[in-house]
Amino acid sequence: MIAIEPHVEKFKYIDPHQVENYLIAHGWVQQQQTGDKASIWLLDGFEILLPLKPEIIDFSRRMGEVVETLALKENRSQIEIFSDLITNAPNTTIQGVITQIATPNADNLSGEVTLLGVIVDKLRPIYTELTDRDYILALKAYQERLPITVVGDLIKDNNTFVLKNPHQFIIDDGKVQYRQ
Numbered sequence: 507m508i509a510i511e512p513h514v515e516k517f518k519y520i521d522p523h524q525v526e527n528y529l530i531a532h533g534w535v536q537q538q539q540t541g542d543k544a545s546i547w548l549l550d551g552f553e554i555l556l557p558l559k560p561e562i563i564d565f566s567r568r569m570g571e572v573v574e575t576l577a578l579k580e581n582r583s584q585i586e587i588f589s590d591l592i593t594n595a596p597n598t599t600i601q602g603v604i605t606q607i608a609t610p611n612a613d614n615l616s617g618e619v620t621l622l623g624v625i626v627d628k629l630r631p632i633y634t635e636l637t638d639r640d641y642i643l644a645l646k647a648y649q650e651r652l653p654i655t656v657v658g659d660l661i662k663d664n665n666t667f668v669l670k671n672p673h674q675f676i677i678d679d680g681k682v683q684y685r686q
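In our numbering, the protein residues as written are 507 to 686.
Keep in mind the hints are simulated off the structure, nothing from the lab. One thing to keep in mind: the hints can contain errors.
[What the hints assert, rightly or not] Calculated pairs, EDC-like style, for lysine to aspartate or glutamate (alpha carbon to alpha carbon, straight line, at most 16 Å):
{"no.": "1", "residue 1": "Lys628", "residue 2": "Asp590"}
{"no.": "2", "residue 1": "Lys662", "residue 2": "Asp590"}
{"no.": "3", "residue 1": "Lys579", "residue 2": "Glu553"}
{"no.": "4", "residue 1": "Lys628", "residue 2": "Glu586"}
{"no.": "5", "residue 1": "Lys518", "residue 2": "Glu574"}
Input sequences plus hints: build the corresponding full structure.
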């Protein structure tokens, strides 16, 4: 099993409602709920204490325990479980390559871009919209197959990753970094 304990802060981005849906879909039964702060779930001798509010002091650590328990129960890595549960990661740096550029919008220099980047140890398509200079740099990176780095708010919706609020778009061709 691959542990991701040193990155416990990443667990704060897991939505408790997403975890509840996951648990229900995988046959877990809610045993009890402790006010609006936590609920206890059971399946085949395993118990999960699910924190319900991100404001709870040890929310990240408790959510890490949820991921660890699910990994043990399902005989999967914590990274795979985390990947299934994560729904957003604000201010995330993505490294990748541009794989598709949509026709630019007619009224301004902008358009939808698809890039292939690493998210939770897997290459995945990520959709975003770039404007002005970032869009021009994306065109250059696409044409020359150059790697890029971009920062934004990563959101997963129906297993599709979207990068909102992209900024700090950089082309790295090994020689010069092009920035906005």
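- Task: With a cut-off of 16 Å on the C-alpha distance, tell me whether Lys579 and Glu553 pass.
- Result: 10 Å, holds
- Query: Does Lys628 pair with Glu586 here, judged by a C-alpha cut-off of 16 Å?
  - Reply: 9 Å, holds
- For the pair supplied as a hint, Lys628 and Asp590, is the alpha-carbon distance within the 16 Å limit? Given pair Lys628, Asp590 holds - Cα atoms ~12 Å apart, limit 16 Å.
- Are the Cα positions of Lys518 and Glu574 separated by 16 Å at most? 15 Å, holds
- Message: Given the hinted pair Lys662 and Asp590, is their Cα-Cα distance within 16 Å?
- Response: 10 Å, holds
Comparing the model with each numbered hint stated earlier shows that all of them hold.
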